[in-house]
Amino acid sequence: MARNTTFRLTFWKLVFLFIMAAGVYATFIRFTQGLGASTHLSDQFPWGIWISFDVLCGVMLAAGGFTLTAAVHILNIKRLHSIIRPTILTAFLGYILVCAALMYDLGKPYNIWHPLIMRNPHSVMFEVAYCVMLYTTVLALEFSPIVLERFKMEKPLKLVRALLIPLVILGVLLSTLHQSSLGTLYLIVPEKLHPFWYTPLLPAFFFLSAIAVGLAMTIFESSMSSKHFGLQLELPVLQELGRVLIVVLGVYGILRIEDLANRGALKLAFHPGYETYLFWLEISLALILPLILLVQPKVRNSPTGLYFSSVLVVLGFITNRMNVSITGMEGSSGVRYFPKWTELAVTGMIIAIGFAAFGLAVKYLPIFPAEELQPEAAQEPELEVSAASPVLENAGD
Amino acid sequence: MSKALLYDSTMCIGCRQCEQACATQNHLPYDDAIATEEYQSAHKLTCIMTRGDKFMRRLCMNCKEPSCASVCPVGALKKTALGPVTYDPAKCMGCRYCMVACPFSVPKYEWGKLFPKVQKCVMCPDRVAAGKQTACAEICPTGATKFGERDELIAEAQKRIRENPGNYVNHIYGLEEVGGTSVLLLSSVPFETFGYREDISKDPLPMLTYRILSHIPDFVPLGGMVLGGVWWITHRREEVALAEAREAAEKKNGGKR
Chain P
213 MARNTTFRLT
223 FWKLVFLFIM
233 AAGVYATFIR
243 FTQGLGASTH
253 LSDQFPWGIW
263 ISFDVLCGVM
273 LAAGGFTLTA
283 AVHILNIKRL
293 HSIIRPTILT
303 AFLGYILVCA
313 ALMYDLGKPY
323 NIWHPLIMRN
333 PHSVMFEVAY
343 CVMLYTTVLA
353 LEFSPIVLER
363 FKMEKPLKLV
373 RALLIPLVIL
383 GVLLSTLHQS
393 SLGTLYLIVP
403 EKLHPFWYTP
413 LLPAFFFLSA
423 IAVGLAMTIF
433 ESSMSSKHFG
443 LQLELPVLQE
453 LGRVLIVVLG
463 VYGILRIEDL
473 ANRGALKLAF
483 HPGYETYLFW
493 LEISLALILP
503 LILLVQPKVR
513 NSPTGLYFSS
523 VLVVLGFITN
533 RMNVSITGME
543 GSSGVRYFPK
553 WTELAVTGMI
563 IAIGFAAFGL
573 AVKYLPIFPA
583 EELQPEAAQE
593 PELEVSAASP
603 VLENAGD
Chain V
345 MSKALLYDST
355 MCIGCRQCEQ
365 ACATQNHLPY
375 DDAIATEEYQ
385 SAHKLTCIMT
395 RGDKFMRRLC
405 MNCKEPSCAS
415 VCPVGALKKT
425 ALGPVTYDPA
435 KCMGCRYCMV
445 ACPFSVPKYE
455 WGKLFPKVQK
465 CVMCPDRVAA
475 GKQTACAEIC
485 PTGATKFGER
495 DELIAEAQKR
505 IRENPGNYVN
515 HIYGLEEVGG
525 TSVLLLSSVP
535 FETFGYREDI
545 SKDPLPMLTY
555 RILSHIPDFV
565 PLGGMVLGGV
575 WWITHRREEV
585 ALAEAREAAE
595 KKNGGKR
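Line by line, the protein sequences are chains P and V. Counting from 213, one number per residue, gives the positions in the first sequence under our numbering. Counting from 345, one number per residue, gives the positions in the second sequence under our numbering.
The set of hints was computed from the structure by calculation and includes no laboratory data. Owing to the predicted nature of the structure, the values given are computational and were not obtained by experimental measurement. Hints should not be assumed to be uniformly reliable.
[Said to hold, decoys possible] Pairwise CB distance ranges, derived in the manner of DEER restraints:
no., chain 1, residue 1, chain 2, residue 2, range
1, V, Phe459, P, Val227, 34 to 44 Å
2, P, Val236, V, Arg395, 32 to 42 Å
3, V, Ala592, P, Val227, 58 to 68 Å
4, P, Phe363, V, Leu372, 42 to 52 Å
5, P, Val459, V, Ala593, 21 to 31 Å
All C-beta atoms, glycine included, are put in the ideal place defined by N, C-alpha and C.
In isolation and in its complexed conformation, chain P is listed as follows (with noise of 0.2 Å):
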């Protein structure tokens, strides 16, 4: 037994070593040779899986902080509470880490503080670079808390806890606002995008898929950690999170099929074609498979159903994004993109990075209930929360 679980750590340690040694190798070829030789971008080609998975799908995939914190602290459904803290935690990692890739993909990363004196509110970009850089600020102070906790900084965590609320509230604007500009990024380019993607509901698309793969990332995370930490599931908070997770699917699945017909796209869906082939890849892995999965009771309420339906979720989004930013462009720029495997090596470094710094956090921070709900439950009185709760529920009458 114990021989096995040596084995088990030293194997992923070398896969993460074998990772990072990859990614330093392309980091120094990106930085000493420039984007030409480390990466398959053209003239023809200038956005590549930097910019749709590293910034689009990071973005997306660390949605969770702000659907939770909203859920948990402007709807006070106080249910949800003690996953909060792991959601935070993989927003701030993602955000990060999202900046992080940025500096690989700009030309000229030195000059990334430039939108803070060099303002052109008529770009989608410029307010993508505000909304980020406020947000990544917001979940700096909204994670602080965890680290004040841990070594015991009174003073400044009661000045964090006061001010909570107000930024939380801002928290949500700014992912609202930044969420759904990254497919108003698309807004600009008509001709070029397919249709199957091309549509003036790409922001509103962007920010419903965004709650949603909010949500699957808890389901997932959690799923995740408790396999992995020994830490006890939170199954019926993830249930909810199911439940709720069908309607955000249904209302964008009926909105995207109503956008599809109307402009006429839907019937291109049945011509076989490149473009076709990975549209139906998205809309089964997004939509259709999870759906099928969660309306059914015996599958929502068990943990591995949640789970893959969660991964199908997360995967059928990071393949939409995938689809608006690289499929859909491929046709009006004449040429097909696949990344260099120096690209390949970032991006895979940085999400090595952001699973060892979340199983870091989580060793050594006060992040899952156990160790979390002590001192919240001797502040606030929990207890008689749930002695009214029987009120509360009639209070909505």
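Once you have looked at the hints, place chain V on chain P.
Frame of chain P, contents of chain V only:
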């Protein structure tokens, strides 16, 4: 008044002197090998394309309402009142949104360089500001590329089509495309032959994104108030419920005492 270029492909003899003059003007290399490249790149800002005995020129259209300038987060690209769409490499951070957004895919990138710039024809802004023609128009031996006031060039182009309808397709490319451009093209064969898209929008593209962006100043205070309101309601409800529960408990206790 805004200046423009009119390129009449029926007058072009394919001598490529415009390519050479452009390279000299922009301090770019030019030799026989580069002369054979019939596409724009970071070292070739304009090119003559040949299809059989027909020629066509390609350069930045210097749109009246350019997508590139609208999407640039730091305002490195700018439309000047005189017509040229200029580029300031010192501001640029290299996000390449201009390349993605341009409906004509004009901006090119110095992929091989460690400190790369965007490269595109900027319509010789210094020469135009000094009252001179662009380098390509000045050198053109046949007058195929003509520099002048945009309005006058449009009238001229219309006159040429009217007087020689058999010589031209009845379309001034750039008159209406994406809301009008500062480069106007005339051709005897459909523009599609040379890869100029005819299905391009007649409306300026920047409106597509600005329509959404312009709502942000309303969205932030409104959204903040709504969220704050929801927060207040949900928490107030809890407070009331708590108080009622406490009251009920007190009554019970009081009754017993």
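Here's how the hints hold up against the structure:
At about 35 Å, the beta-carbon gap between Phe459(V) and Val227(P) stays in the expected band of 34 to 44 Å. Val236(P) and Arg395(V) have their C-beta atoms about 49 Å apart, which leaves the hinted 32 to 42 Å range violated. Hint check: Ala592(V) to Val227(P), Cβ distance near 60 Å, so the stated range 58 to 68 Å holds. Distance hint for Phe363(P) and Leu372(V): a CB-CB separation of about 58 Å, inconsistent with the stated range 42 to 52 Å.
Against the hinted window of 21 to 31 Å, the Cβ-Cβ separation of Val459(P) and Ala593(V) comes to about 37 Å, which falls outside the hint.
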